[in-house]
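Trainee: Here is what each chain is made of, one letter per residue.
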Amino acid sequence: MSRLGSPDNPLLVAVVGSGPSGFYATEALIKSGVKTRINMFERLPVPYGLVRSGVAPDHPKLKQAIKVYAKIAEAKEYNYLGNVTVGTAISVEELRTTHHAVIFTCGAETDRRLGIPGEDLPGSYTATEFVGWYNGHPDYRNRKFDLSHETAVIIGQGNVAADVSRILAKTVDELKHTDIAGHALEALATSKIKNIHVIGRRGPAQAKFTSKELKEFGGLADCDPVIDKNELALNPESEVELADKTNAGNKKIYELFSGFADREATTDRKCIFTFLKSPKEVSGNGRVESVLLEKNTLSGEPFRQSARGGGDTFSIDAGIVFRSIGYHGIAMPGVPFDEARGVFANVKGRVVKDGEVDPGLYAAGWIKRGPTGIIGTNRADSVETVKSLLEDLDKLDTGEDKPGAAGCYEILDRRNIRHVNFSDWKKIDACEVERGQAAGKPREKYTSVPEMLALLD
Amino acid sequence: MTTIVTDNCKDCRYTDCVTVCPVECFHYDEQMLYIDPEVCIDCSACLPECPVQAIYEEDDLPEDKYEWIEINAQKSRELPVCADTMEPLPGADEKKAALGF
Ligand SMILES: Cc1cc2nc3c(=O)[nH]c(=O)nc-3n(C[C@H](O)[C@H](O)[C@H](O)COP(=O)(O)OP(=O)(O)OC[C@H]3O[C@@H](n4cnc5c(N)ncnc54)[C@H](O)[C@@H]3O)c2cc1C
Ligand code: SF4
Ligand code: SF4
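Those sequence lines, one after another, are chains A and B.
According to the working numbering, the first sequence is numbered sequentially starting from 1.
According to the working numbering, the second sequence is numbered sequentially starting from 1.
Derived by calculation from the structure, the hints in this document are not laboratory data.
The structure displayed is predicted, hence computed values, not measured ones.
It cannot be assumed that every hint is accurate.
To be verified - Here are the simulated EDC-like pairs of lysine to aspartate or glutamate, each with C-alpha atoms no more than 16 Å apart in a straight line:
1) A:67 with B:24
2) A:194 with A:244
3) A:67 with B:38
4) A:61 with B:84
5) A:63 with B:24
6) A:252 with A:216
7) A:67 with B:42
8) A:348 with A:391
9) A:192 with A:228
10) A:63 with B:49
11) A:251 with B:60
12) A:270 with A:339
13) A:35 with A:8
14) A:192 with A:146
15) A:61 with A:216
16) A:61 with B:42
17) A:61 with B:36
18) A:31 with A:94
19) A:71 with B:57
20) A:252 with B:58
21) A:212 with B:84
22) A:31 with B:84
23) A:192 with A:74
24) A:212 with B:24
25) A:387 with B:84
26) A:252 with B:24
27) A:426 with A:413
28) A:31 with A:93
29) A:245 with B:58
30) A:61 with B:24
31) A:252 with B:60
32) A:229 with A:268
33) A:295 with A:268
34) B:75 with B:49
35) A:194 with A:237
36) A:251 with A:264
37) A:252 with B:38
38) A:212 with B:36
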């Protein structure tokens, strides 16, 4: 038989997940010059992963990344199988027998836990749930968030925490022309939240916000950013960090914090940034009533400082808590999982079992490197993985005639599993856009899978 | 709002920025790169990648570099897209050192 990757023996690749890393892996394969066919599996009928359901609705420009993905999807090498969950509807083993290689780009879909008492009390939520809810993700559409209290506590100081805080801080007028889910807009309209505490474990010189996200807090219609000047005190090591020329980002953030501390708050709603505190306990009688915080100090060399509790505690009365301390991957049957890091163990994208590479299985994006980095980070990351895969061409299992897509359709049809293709998605897309027009929104998402599928009948 | 490449990139062209751009909006000539403001989605991915801090968000652009807004817009319209890493130009490391990075 002719060489794998030649015109009459194309490289058949299954890509699991339709977020940025799935599309950048697809793009890299298509551009490589190797003849290839890509079948992309997505558990929802709708594609684009966290660009659709993570990136905040009030950041529409960022969502334009999907234009690039829609263009990649037009390639003749590409095929979309939506509404197919790998691991249940079709197994990893079945993907291996029908394809030469599998690239997992299934993201990190659950939350890291705080591991403190009261974490699961009613009124204590994960950022994932809240973000999924306001973005209309089918898994979270039925969640209820009790917004009837005046004080909310957000644990974490990264960009997801910034999104959650900003959505709570914005008025309905600031949100109503975005693609925020209708149910979320309705619920937020009744919100009584006035004080939004954003709590960071480390100091103001180490916050993980980007300056662009932080800057937005200075321009909200009805909410002021508030910082107690004492919170901005720096230890000598942090001063060294901020003086370092290569650390321009954190210096910028510190300047923004200083600007917030100098402001006079004029609005009723406040977003209060607090540093060097860790949550010790969430407590209340049957639901969240307060959060106990411990004061931290930093120790260690500049850029290697860690925060440690000093035993000094105090509590904030709060009716609602959001934990935003990072995401965690979910294990999949048939793939070695690194439980501690929440990723598929890998070396340069090659999945590794007991220290040995298993040619044929690859990972890219959040499930490869953990939940860090923004949309574009996944491009360089997927390029690296595809490079590893192409270096392995001679080691891949070429078995008996691999059936590719046809083999998968046969398996899915036998199980009566409805799969949708990219034209189906385009129909759903058009319906969403049309539905949104009436309300002056770029789209009104369908938030349940049966609803989406009904559009195709 | 847009994102702008400035003169620090000249004669250096480390293309670390390009590998993380989600929308391929960098363009290049023999000297440096330029960002197409019509395509850039202001995601900030490229900023921390640049070893010589040549890239600015428009809001943060120092006044003496304002001319680069127009230069980026114009050059990107005329020049080819840079989608992958390229060899840094000869002398790039020296220029980087001279800029103090
Ligand atoms: C709240 C939030 C806000 C963010 N905001 C920004 C921002 O403003 N700017 C920015 O640049 N980046 C932002 N990011 C980061 C960006 O979204 C991620 O870097 C990127 O989406 C990760 O891409 P991925 O492809 O690895 O994973 P994902 O985007 O999560 O895609 C994974 C896909 O796999 C699918 N999947 C999972 N399991 C299976 C299975 N078993 N079978 C089939 N399919 C499966 C999922 O449904 C999903 O579609 C944000 C992230 C979050 C969480
Ligand atoms: S990384 Fe910086 S110096 Fe290098 S090409 Fe990009 S903008 Fe120019
Ligand atoms: S800001 Fe983002 S989209 Fe714009 S040039 Fe940089 S990486 Fe590309």
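Trainee: Now tell me, hint by hint, if it's right for this structure.
Mentor: Hints versus structure:
1. A:67 with B:24: 12 Å, holds
2. A:194 with A:244: Distance ~37 Å between residue 194 of chain A and residue 244 of chain A Cα, so the pair is violated.
3. A:67 with B:38: OK: residue 67 of chain A and residue 38 of chain B at ~13 Å, within 16 Å.
4. A:61 with B:84: 23 Å, violated
5. A:63 with B:24: Distance of about 15 Å is within 16 Å: holds.
6. A:252 with A:216: Cα-Cα ~14 Å, so holds.
7. A:67 with B:42: 15 Å, holds
8. A:348 with A:391: Holds: residue 348 of chain A and residue 391 of chain A sit about 12 Å apart, inside 16 Å.
9. A:192 with A:228: Given that 16 Å is the threshold and the Cα spacing comes to 23 Å, the pair is violated.
10. A:63 with B:49: 21 Å, violated
11. A:251 with B:60: Within the cut-off at roughly 13 Å; holds.
12. A:270 with A:339: 38 Å, violated
13. A:35 with A:8: 8 Å, holds
14. A:192 with A:146: Status holds; Cα separation ~10 Å.
15. A:61 with A:216: 15 Å, holds
16. A:61 with B:42: Given that 16 Å is the threshold and the Cα spacing comes to 7 Å, the pair holds.
17. A:61 with B:36: Holds, at roughly 14 Å.
18. A:31 with A:94: Judged against 16 Å, a Cα distance of about 27 Å means the pair is violated.
19. A:71 with B:57: 27 Å, violated
20. A:252 with B:58: Within the cut-off at roughly 14 Å; holds.
21. A:212 with B:84: Distance of about 26 Å is beyond 16 Å: violated.
22. A:31 with B:84: Answer holds: residue 31 of chain A to residue 84 of chain B is near 11 Å, not above 16 Å.
23. A:192 with A:74: Status violated; Cα separation ~46 Å.
24. A:212 with B:24: 21 Å, violated
25. A:387 with B:84: 13 Å, holds
26. A:252 with B:24: 27 Å, violated
27. A:426 with A:413: 22 Å, violated
28. A:31 with A:93: Distance ~27 Å between residue 31 of chain A and residue 93 of chain A Cα, so the pair is violated.
29. A:245 with B:58: 20 Å, violated
30. A:61 with B:24: 15 Å, holds
31. A:252 with B:60: 10 Å, holds
32. A:229 with A:268: 20 Å, violated
33. A:295 with A:268: Not satisfied, since the Cα-Cα distance of roughly 27 Å exceeds 16 Å.
34. B:75 with B:49: 22 Å, violated
35. A:194 with A:237: Not OK: residue 194 of chain A and residue 237 of chain A at ~35 Å, beyond 16 Å, violated.
36. A:251 with A:264: Violated, at about 22 Å.
37. A:252 with B:38: 26 Å, violated
38. A:212 with B:36: 19 Å, violated
Hints 2, 4, 9, 10, 12, 18, 19, 21, 23, 24, 26, 27, 28, 29, 32, 33, 34, 35, 36, 37 and 38, counting from the list given before, are not met by this structure.
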